[in-house]
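Quick note, the sequences are listed as chains A and B, same order.
To convert, take the position in the first sequence, counting from 1, and add 5; that gives the numbering used here.
To convert, take the position in the second sequence, counting from 1, and add 312; that gives the numbering used here.
If you're looking for bench data, these hints aren't it; they were derived computationally from the structure.
Predicted, not measured: the structure shown is a model, and the values here were computed from it.
All C-beta atoms, glycine included, are put in the ideal place defined by N, C-alpha and C.
It is possible that some hints are incorrect.
To be verified - Straight-line C-alpha distance at most 35 Å; calculated DSBU-like pairs for lysine-lysine: (1) LYS390/B to LYS467/A; (2) LYS467/A to LYS407/B; (3) LYS339/A to LYS400/A; (4) LYS390/B to LYS415/A; (5) LYS452/A to LYS488/A; (6) LYS361/A to LYS407/B; (7) LYS391/A to LYS316/B; (8) LYS390/B to LYS54/A; (9) LYS316/B to LYS115/A; (10) LYS23/A to LYS39/A; (11) LYS390/B to LYS391/A; (12) LYS355/B to LYS400/A; (13) LYS24/A to LYS390/B; (14) LYS316/B to LYS385/A; (15) LYS453/A to LYS144/A; (16) LYS407/B to LYS350/A; (17) LYS339/A to LYS355/B; (18) LYS467/A to LYS488/A; (19) LYS391/A to LYS23/A; (20) LYS355/B to LYS259/A; (21) LYS419/A to LYS316/B.
What the hints assert, rightly or not - Residues from chain A that keep clear of chain B, each with C-beta distances beyond 12 Å, as calculated: (22) GLY70; (23) VAL248; (24) GLU346; (25) LEU381; (26) PHE466.
What the hints assert, rightly or not - Facing chain A, a subset of chain B residues (Cβ under 8 Å, in silico): (27) ARG324; (28) SER365; (29) ILE371; (30) ILE381; (31) LEU386; (32) VAL388.
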Amino acid sequence: MDIHTLTLAEAGKQLKQKKITSRQLTQAVLQRLKSVEPQIQAFLSIAEKTAFTQADEADRRIAEGGDISPLTGIPIAIKDNICTADAATTCASRILENFHPPYDATVIAKLRRAGVVFIGKTNMDEFAMGSSTENSGYKITRNPWDRERIPGGSSGGSAAAVAADAAIAALGSDTGGSVRAPASYCGVVGLKPTYGRVSRYGLVAYGSSLDQIGPLTKDVKDSAIMLNALAGHDPQDSTSANVPVPDYTSACGKDIKGLRIGIPKEYFAEGIDPEVEQLVKNAIRQMESLGALPIEISLPHTEYAIPCYYICAMAEASSNLARYGGAHYGYRAKNAGNILEMYSKTRAEGFGTEVKRRIMLGTYVLSAGYYDAWYLKAIKARTLIKRDFELAWEKTDIIAAPVVPAPAFKIGEKSADPLTMYLSDIYTISLNLAGMCGISIPCGFSKKGLPVGLQLIANIFKEETLFTAAYAYEQSAGFFNRKPPL
Amino acid sequence: MSLKRISPDDVRHVALLSRLRLAEEEIPSYTDVLNSILEYFAKLNELDTSSVSPTSHSIEMRNVFREDIPQPSLPVDKAIANAPEVEDNYFRVPKIIQEM
Numbered sequence: 006m007d008i009h010t011l012t013l014a015e016a017g018k019q020l021k022q023k024k025i026t027s028r029q030l031t032q033a034v035l036q037r038l039k040s041v042e043p044q045i046q047a048f049l050s051i052a053e054k055t056a057f058t059q060a061d062e063a064d065r066r067i068a069e070g071g072d073i074s075p076l077t078g079i080p081i082a083i084k085d086n087i088c089t090a091d092a093a094t095t096c097a098s099r100i101l102e103n104f105h106p107p108y109d110a111t112v113i114a115k116l117r118r119a120g121v122v123f124i125g126k127t128n129m130d131e132f133a134m135g136s137s138t139e140n141s142g143y144k145i146t147r148n149p150w151d152r153e154r155i156p157g158g159s160s161g162g163s164a165a166a167v168a169a170d171a172a173i174a175a176l177g178s179d180t181g182g183s184v185r186a187p188a189s190y191c192g193v194v195g196l197k198p199t200y201g202r203v204s205r206y207g208l209v210a211y212g213s214s215l216d217q218i219g220p221l222t223k224d225v226k227d228s229a230i231m232l233n234a235l236a237g238h239d240p241q242d243s244t245s246a247n248v249p250v251p252d253y254t255s256a257c258g259k260d261i262k263g264l265r266i267g268i269p270k271e272y273f274a275e276g277i278d279p280e281v282e283q284l285v286k287n288a289i290r291q292m293e294s295l296g297a298l299p300i301e302i303s304l305p306h307t308e309y310a311i312p313c314y315y316i317c318a319m320a321e322a323s324s325n326l327a328r329y330g331g332a333h334y335g336y337r338a339k340n341a342g343n344i345l346e347m348y349s350k351t352r353a354e355g356f357g358t359e360v361k362r363r364i365m366l367g368t369y370v371l372s373a374g375y376y377d378a379w380y381l382k383a384i385k386a387r388t389l390i391k392r393d394f395e396l397a398w399e400k401t402d403i404i405a406a407p408v409v410p411a412p413a414f415k416i417g418e419k420s421a422d423p424l425t426m427y428l429s430d431i432y433t434i435s436l437n438l439a440g441m442c443g444i445s446i447p448c449g450f451s452k453k454g455l456p457v458g459l460q461l462i463a464n465i466f467k468e469e470t471l472f473t474a475a476y477a478y479e480q481s482a483g484f485f486n487r488k489p490p491l
Numbered sequence: 313m314s315l316k317r318i319s320p321d322d323v324r325h326v327a328l329l330s331r332l333r334l335a336e337e338e339i340p341s342y343t344d345v346l347n348s349i350l351e352y353f354a355k356l357n358e359l360d361t362s363s364v365s366p367t368s369h370s371i372e373m374r375n376v377f378r379e380d381i382p383q384p385s386l387p388v389d390k391a392i393a394n395a396p397e398v399e400d401n402y403f404r405v406p407k408i409i410q411e412m
């Protein structure tokens, strides 16, 4: 059997039972990575040498016995906006070309302590600004199911890598759907934890009130294993929550009899592809057959989520990206006569078009005379969107919805008009505005053979409910052994 | 608020505030795209938010304090390792104060 196709749980078990070694597993995954990479272009850097050192260290730990983490010896890929002390971190931006972080992000430090093997850094939309990974400053990642199509974004490299078995699991980040959407387009599982559940120390900031790190995995149980390792309070991130971390894997396998599933009518209104609607509704029916209780709910401010989200995210981005000026690290423009010229030339040459647009719009909505009309208005709308969810939780335990309006679109199809790209985020962004957790799990394929995801949403710190529902559905649906044609 | 289209001069001003040097020939396309996005964002004006308080953070949070315990800082060599230009242990940048 090709061991690169193993799930994290299976691989962990075989490592522990000494049926395979981490070196063998790492070798198999890297071999697979190299054979598919010319077709999918998921990686910005590959860490072959350090990966084998880490694999050998993991094998030593396993040989010694004792307390082995479920992640010891597992080859994992990391989105390139998460700082790694032993590998460049570029955010897929030319402005951070060759940037080597002086420290590990907290999630990386945690995985390192668990004995993870880091195989490489994955491609993304520059600074996580995009929904297709076409905004990378380096390369365009392709969907493993159809290489003419986008893998989704912004964690497109991580999703494509896991879908192609070029990593056992991966980390992404989700500011407005950037883990869940590519998971849906690529047919893998993507989790956005509750805001504050996972430390962001060392995650390069985009929209600080929205960003969360989340895992992309081959199945639901793997997602729970990853969250066990990632979650928890971190003194280095004052926005991380001091809330106890349960064992998320024990939520997988509980039954869902009597679980109330809210179906927001606004998420099945105009704009949804009929095939996506059908597959998501089939999934809800499947959960009903397991004893869940579907009820119609309303999230009435959904139509305002896109302008609200983009104003908030752009405003925060304009402030967060002010640090890239060529003084301390990263790219610096040549021949600048004075400091203002150095900043403005460096930023003009180092940032891509979409990043510039968002910085300018963010600066505009925060600028004197416009703040009240734009930014203040948006954060008031954010209160209304959050309140929609709070009212929904009085009636339901979980919400079921599509992840994205349609299966993966063609490369280039939406790049001319940024607004049409923004509209594809309609079902994912509200959660980030409200802080809720959500998961995308495969729920079938379109007639063209493209994966479609089901989104489950739960209240803050209710990831266990997500895992229980997602696992129950996944186990009963049972068509997850389909692999992309690579 | 009535939506006023932003002018090429507004775009030049915002670009300056954003420390982004745009070429003159880029101004018309940025003006068009930014206007079309803002036009869509103006949908928020349909909402009556006069009695709504703003949310800047999704999860209720108060100031987070910690004990003031001295700890080693990032070592100088690591701090300057990525710098485009260094002199001794300092970041070197173009002149900031112009001569009169």
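Margin query: Check whether the Cα positions of LYS419/A and LYS316/B lie no farther apart than 35 Å.
Written below: Status holds; Cα separation ~27 Å.
Checklist line | Interface hint status, LEU386/B versus chain A (Cβ within 8 Å) | finding: holds, 6 Å
Check: Is the Cβ of GLU346/A more than 12 Å away from each Cβ in chain B?
Finding: For GLU346/A, whose nearest Cβ neighbour in chain B is about 7 Å away, the distance does not exceed 12 Å, so it is violated.
Next item on the list: Compare the distance between the alpha carbons of LYS453/A and LYS144/A with 35 Å, and conclude whether the hinted pair is satisfied.
Entry: Holds, because 25 Å separates the two Cα atoms, which is no more than 35 Å.
Item checked: Pairwise hint evaluation, LYS391/A against LYS390/B, where the allowed Cα distance is 35 Å at most -> At roughly 42 Å apart (the allowed maximum being 35 Å), LYS391/A and LYS390/B break the hint.
Notebook entry, point to check: Against chain A, with CB atoms and a cut of 8 Å, does the hint on VAL388/B hold up?
Noted result: violated, 11 Å
Checklist line | Check on GLY70/A being off the interface with chain B, judged by Cβ distance over 12 Å | finding: holds, 35 Å
Next item on the list: For the pair supplied as a hint, LYS339/A and LYS355/B, confirm whether the alpha-carbon distance does not exceed 35 Å.
Entry: violated, 42 Å
Margin query: Hinted pair, alpha-carbon criterion (35 Å max): LYS452/A, LYS488/A. Please report holds or violated.
Written below: holds, 16 Å
Notebook entry, point to check: Are the Cα positions of LYS407/B and LYS350/A separated by 35 Å at most?
Noted result: holds, 15 Å
Item checked: Interface hint compliance - ILE371/B to chain A, C-beta minimum distance less than 8 Å -> holds, 5 Å
Note to self: LYS339/A and LYS400/A were given as a pair; does the straight-line alpha-carbon distance stay at or below 35 Å?
What the structure shows: Judged against 35 Å, a Cα distance of about 60 Å means the pair is violated.
Hints 1, 2, 3, 4, 9, 11, 13, 17, 19, 20, 23, 24, 25, 26, 27, 30 and 32, counting from the list given before, are not met by this structure.
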